[in-house]
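Start from the sequences, fold in the hints, and give me the full structure.
FYI, in full-length UniProt numbering the residues of the sequence shown are 1 to 255.
Hints listed in this document are in silico derivations from the structure and should not be mistaken for laboratory results.
There may be inaccurate statements among the hints.
[What the hints assert, rightly or not] Label pairs and their in silico Cβ distance ranges:
#1 Thr232 to Gln255: 30 to 38 angstroms
#2 Ala125 to Ala20: 29 to 37 angstroms
#3 Tyr178 to Val83: 38 to 46 angstroms
#4 Asn32 to Gln251: 43 to 51 angstroms
#5 Arg144 to Thr232: 39 to 47 angstroms
Where is the CB? At the ideal position from N, CA and C, for every residue including glycine.
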Amino acid sequence: MLGHHYTHTFLETAVASMNAGCNLELSYGIRNNVFMHIPQALAVGNITLQVSRGSGDRELALPPPSPTDILVSGSSQTLRDRVRPLFYTRMRLGEFDPPAMNPYSALDLSTVQSPEHRNLSLEAAVKSFVLLKNVRETLPLRARDLPGKRLAVVGPFADNPRVLFGDYAPVPEPRYIYTPRRGLEMLPANVSFAAGCREPWCQQYSQAEVVGAVGAADVVVVCLGTGIDVETEAKDRKDLSLPGHQLELLQDAVQ
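The structure is reproduced here in structure tokens:
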């Protein structure tokens, strides 16, 4: 809210957030965050409450309380209401129990990366794909139709695990990462590969590499995009065009 000029200070932001029902903060740091100003807001009594008055609710600003009033004021109750679900959730997670009594403390990679969880992750990925166009029913590619076929996979996202994960994505175990090239090479087809450019900005483009890979192919898979190198939170672009020579790479692949 501060960055968008809704408020002017961390204190104002703390008050607005508390009264809006927010009880978590992705902070700037331990010493420099918004909710560290809650005690100050509580002390001066400028945490406001929504109170019912007949036909509707209105916002009521509490006057500055005396030291004895702070513990019993409406502001204090607002604070308790915001904190209560946080500690309730932590209690349910067993954070205050001895580790031996907490079943979550025994979870390791064998559980997180179990076949059941990996299959569920695969199902979620498949069901979240958005197919914008499917001319002449090209998709899906069926393994039974591919023996003897030549398949080319090209582009900076075709075989670069680092660029496949978006902002705030976890860091997965390398052995569980399947790039488009790695996945397609599991099919019964002759697969050729060319990145064309090694990174999403695609400032240096090898046209000959791409043309050579797709020239004799029956099926061409082009992997393009942006990734966190090009855009991420607080790093927006001015347009939606493909970066660098990626559009040229696409045109060379489909001509």
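Query raised in the report: Which of the numbered hints above does this structure break?
Result: Of the numbered hints given earlier, the structure breaks none, since each of them holds.
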